[in-house]
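Student: Residues per chain are reported as follows:
There are 4 protein chains.
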Amino acid sequence: MDTELICLDDYERQALSTLDTRYGDFFAAGADDEQTLQDNRADFKKLRFRPRMMRNVADVSLSTTILGNLISLPVGIAPTSRHKLVHHLGEEATARAAKSMGTCFCLSTYATTKAAEVAGLSGDATQWFQLYIFKDVQMAQRQIQKAKKHGFKAVVVTVDLPVVGNRRKVNGTRKANSAIDGFELPPHLRHEIIEELLGRDNSVTSKPCSHLTWKDLAMIVSASPLPVIAKGILTEEDAEQAIKAGCSAVYVSNHGGRQLDGVYSSISALPEVVKAVGGRVEVYMDGGIRTGTDVLKALALGARAVFIGRPAIYGLAVGGEKGVRRVITILRDELKLAMQLSGITDVNDIPRSLVQHESLIPRL
Amino acid sequence: MDTELICLDDYERQALSTLDTRYGDFFAAGADDEQTLQDNRADFKKLRFRPRMMRNVADVSLSTTILGNLISLPVGIAPTSRHKLVHHLGEEATARAAKSMGTCFCLSTYATTKAAEVAGLSGDATQWFQLYIFKDVQMAQRQIQKAKKHGFKAVVVTVDLPVVGNRRKVNGTRKANSAIDGFELPPHLRHEIIEELLGRDNSVTSKPCSHLTWKDLAMIVSASPLPVIAKGILTEEDAEQAIKAGCSAVYVSNHGGRQLDGVYSSISALPEVVKAVGGRVEVYMDGGIRTGTDVLKALALGARAVFIGRPAIYGLAVGGEKGVRRVITILRDELKLAMQLSGITDVNDIPRSLVQHESLIPRL
Amino acid sequence: MDTELICLDDYERQALSTLDTRYGDFFAAGADDEQTLQDNRADFKKLRFRPRMMRNVADVSLSTTILGNLISLPVGIAPTSRHKLVHHLGEEATARAAKSMGTCFCLSTYATTKAAEVAGLSGDATQWFQLYIFKDVQMAQRQIQKAKKHGFKAVVVTVDLPVVGNRRKVNGTRKANSAIDGFELPPHLRHEIIEELLGRDNSVTSKPCSHLTWKDLAMIVSASPLPVIAKGILTEEDAEQAIKAGCSAVYVSNHGGRQLDGVYSSISALPEVVKAVGGRVEVYMDGGIRTGTDVLKALALGARAVFIGRPAIYGLAVGGEKGVRRVITILRDELKLAMQLSGITDVNDIPRSLVQHESLIPRL
Amino acid sequence: MDTELICLDDYERQALSTLDTRYGDFFAAGADDEQTLQDNRADFKKLRFRPRMMRNVADVSLSTTILGNLISLPVGIAPTSRHKLVHHLGEEATARAAKSMGTCFCLSTYATTKAAEVAGLSGDATQWFQLYIFKDVQMAQRQIQKAKKHGFKAVVVTVDLPVVGNRRKVNGTRKANSAIDGFELPPHLRHEIIEELLGRDNSVTSKPCSHLTWKDLAMIVSASPLPVIAKGILTEEDAEQAIKAGCSAVYVSNHGGRQLDGVYSSISALPEVVKAVGGRVEVYMDGGIRTGTDVLKALALGARAVFIGRPAIYGLAVGGEKGVRRVITILRDELKLAMQLSGITDVNDIPRSLVQHESLIPRL
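Residue numbers (numbering that gives the first Met the number 0), protein chains in the order written: chain A, 0 to 363; chain B, 0 to 363; chain C, 0 to 363; chain D, 0 to 363.
Only true hints are included.
Computed footprint of chain C on chain D, listed as stretches where at least three residues anywhere in the stretch have a Cβ under 8 Å from a Cβ of chain C:
#1 42-49
#2 53-59
#3 289-297
#4 334-340
Beta-carbon label-pair distances, calculated as ranges:
#5 A/Ile5 with D/Arg12: 23 to 31 Å
#6 B/Ala222 with C/Gly122: 50 to 58 Å
#7 A/Pro361 with B/Glu357: 15 to 23 Å
#8 A/Ser71 with C/Leu359: 47 to 55 Å
FYI, nobody ran anything at the bench for these hints, they're computed from the structure.
Using N, Cα and C, we set each Cβ at its ideal position, and we do this for glycine too.
Just chain A, with the same shape it has in the complex:
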């Protein structure tokens, strides 16, 4: 069966048709009317390629570095929570897949696997640790120290969740408030990282930390032994703030359309952010990536790498570690093909002119 899944949409359909609806809905949901969820994908379709021919594309290089670490393709695994909801090996399987494919895995604070178990298989893999700042700056700093010891290469601080967005699909079935987003784990699963950090008392995590400012982040960055990435940036103003706070990279994201409905799609926000950053730090993005052409468009607009959230979950649901590998492989092959067909040989050398917004095609 698996061999007949030839694109990421196939994995989505397959996963959502087999997953328990509560869990499928949890991952699939966007906020409110899900306009941003849809925009994230639809806005990629508004960009058109201007492909170049006859440029010797026999050898194509997909590898790049993110914060100095080599990855074999510019597509990493975005932080997403609770992988064990879809596969019993959870985050460990996803991380193994990323490692074997030579790319970055970002572990979520809401993982259902201990950080040590994920980090244990790391070797020299590029693993990042996603951090929600609970309670105060000090606790965040302790977390970063632990992440450093585990071997994580960077910390991804999510800045777009002062409170949790309103995901109607999830809320319609929610029974209790066991965690920050009101999603109750089945009894055999644990928020392993949160419990290690805070114990089973959820009184802290159930109160999102909404008082944070860029000053807090600047304090965290200044004391951090790891580079810090600000995830959830959608405007030039906030890109500037993140750089001022000392962040090593800016990560354009709208949390998969799960926070504020009606914000810019990620790919729409990317040009503004890239321009504001002006090459001072690296820029990443997630949101809506489903094909190799999507990856190529984001890179052409200035992203150094992109990340996939739901597609990795759906790959995991369908086939565990192998499924995630297959999802990454499809994107890799599609990206390589798209590069060859547009005359690009190196992901680090993509001209902006490769892509044009449909509204700007010259009509003459």
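Use these hints to put chains B, C and D onto chain A, whose structure you have.
Tutor: Same frame as chain A, now just chains B, C and D:
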């Protein structure tokens, strides 16, 4: 059951599936092809947020003033007729809900409840009285005197109904011309305010007062002991006229898409009106508000407060006073959430840059 | 039943559901993919009203003149062929309806009724005669002389049919080439005007006269005892040519989307033509008019009057003369209402600023 | 039955409803999400005609020259592979149809018929030979020499297939890699030209030649006894490169939407390429042509001739040589009609002002 209704669209579906079709159609109808009815909602979706992160949104203030009266959130109840068609307690229930939520209720001239009954529960609640000018200026002035005595805080003069729009859904089932819009009440209901004013002879109300000019309104305003709000403004020219006539506020509205089909949606007209008004008076709007993000968009474009018409009716239909409260509560919670997610802490301090029209997103 | 038909779309549905499919298809068809057929209607929806309030609209004047002849409303009956296909009284019934409503009827060369029978009921009615130029200029001039004697007030020369457009719906069922457009009349009907002109030998009419130039039209105009209107103009260049040829009016039309598929919709072409004409002659239009707001939009863009084709046929099909009257009445009432709701009191005094294209609404 | 097929869409429906799904899918497929496949057609609909009237269109000339060879209409047969999949006479039937209609047939390298059999019927017909450059420049040069001997008038070098696009419909059913695009022929068919060139060892063709550059093409052109056309150009940059390489013509194409999904539609790319070429060489295009109005639009934007791919295949599938003739005849008649209806008498004299993009229609 009620607890499963988690957004205003749920209330609409629930109300329209249970109401007598004649009454459901009466409230749901727009004019002609219902283009404006649809535009009122669709045009909100064309506005995108540019949310700001890490701005300490732990404390968010939703309260504001309208014409000097404090309201707990910038969402009031628009004047709509005949609440008893959907719930036996009618306008009284709606007004109680508004009062208990700390916001403004605007009573329609076509209420099916006596003004005294609504006003009787007012205390210091912010209640407004909507006025159609029948026959002549003198009768309007007498009406305003009565409204003043009842404790209403302002008079909302509807300026966009010189004649009644053509609502096909309603006209298709209409049997008689018992009132200005040809809608016949069931025998156990009365147009209480109109009967108090004019008796049961409908010869006056059945002839809409189409000869009015801004001079008439200026006369009414100059003699009014209450501030006057001009409701139904869609252009800069009329905003200027309303201010010249002495109005204390301009209320952007297209009568819920029930008058002239094909006019600007309310949210499309808002920027032009706000610019023309230039801060000289307050600007309100109704039309298409269904989510907290809609409210936030209207505020970002310069509305001081917004009003809901059909959603309140649907809340009333589903659950009486409690249903209306629930509808307001949903909007309040959604607005608060949207503010937090976009880095806004005070409804009185929303930058215009929070919102961008989709056609103006920079493509670079 | 008839009384439940409250808009022109109702008449279309009713007519097409009862007419013989061959005849329904004949009238409903557009050319090729029917893009222009659809654009003619859809492009009206892209225009939005900027209505003005409080302007004393108690008295509204719908009457105007076309080429000096008074009509009671600026909506005439466009020339369409073969009315007897849908009603046994054919063009006579349509003409009677137009006369009784005080507006213009334009008789088609492809009428199934003798010109004398239509003209006989004319009195001082404003009747026009539509002319296809067959064979040569002399025959056209003889036709105009006859039209003059019958009492027609003007001649409408169709300039957009050098050959007949490709209407797939019609062609799919066509059996023979009995006339210019290959449509075969049932045996009991006659192209009365053509037979009077040419006899039953269709060798002339079956060869469309495709060699005509503006010089030919200039010759016709110079010898014509009646004012000549050029129907089928879509560009500024041709508007200029028509004026140079001496035409008394320019009639914007794409032949109901039945000629070249993909041309400008009539309402899209109107601004360009009106600007080019610059008030030197009157401008009319047809194509897509289905509501009073459509009429008002066309007038605001500079048309002096509009014409309806299919709607009159559908009215005729549903209810004969009475049906046509009802269709005109609906448009008249809708137009009056739209004028009142937008603050307009005279069809001859409509500001261009009443209407804005959706792409030009200021977003600020 | 055949006589009821009155437009190219009818042929497509008929062909796809009767062909073996594997073969129907092979021809119908576009790459990935098939956005470009759809854009190729949809973008024609965004162009509107500004037709001119009364210009004596009795005589219309459709004939033109391509590279000095006369063709009776500016519509040729694009190179497509494997005609015997849909009809047992394959490319020979298609070529005969093109010849009898007086237009150009372009034979694909992936033909299932020997070049000699097609060329044998040529006489003075305008036949072109499409070339994929396998392995190296020398083999290409030998191929061109053979093509010259066969009587082909020009060589069409496909430059947009350094690797094969990802056509999901085809890949979903693919069993083996028998050729460059992984499509396995049924046992009774042969890639005759490839076998003649390379023998049955597909080791060469199964490795697409992705290392080619414009220098290679320049070498091929400089040694070619036939004019060389570069097919697959979508940008001004590549148009310039093709001219620098010595090509005699530039052929705008995205390979029927089968290579990189998301590129400019052919008709969208045409204005940019035509402007860049500036009349130095001829410009052709294919992609999305389904009606005579499509042809006319492409010509108005500057194409000297257009080519049809799938429509010829569908005609062949439905009716062999006769079916292809019928498809060309329909386009010819539609083109002639469109020219007459827009006041054009010669395909070599079409003003750019005939066509306007919908976004540029003046709104005034």
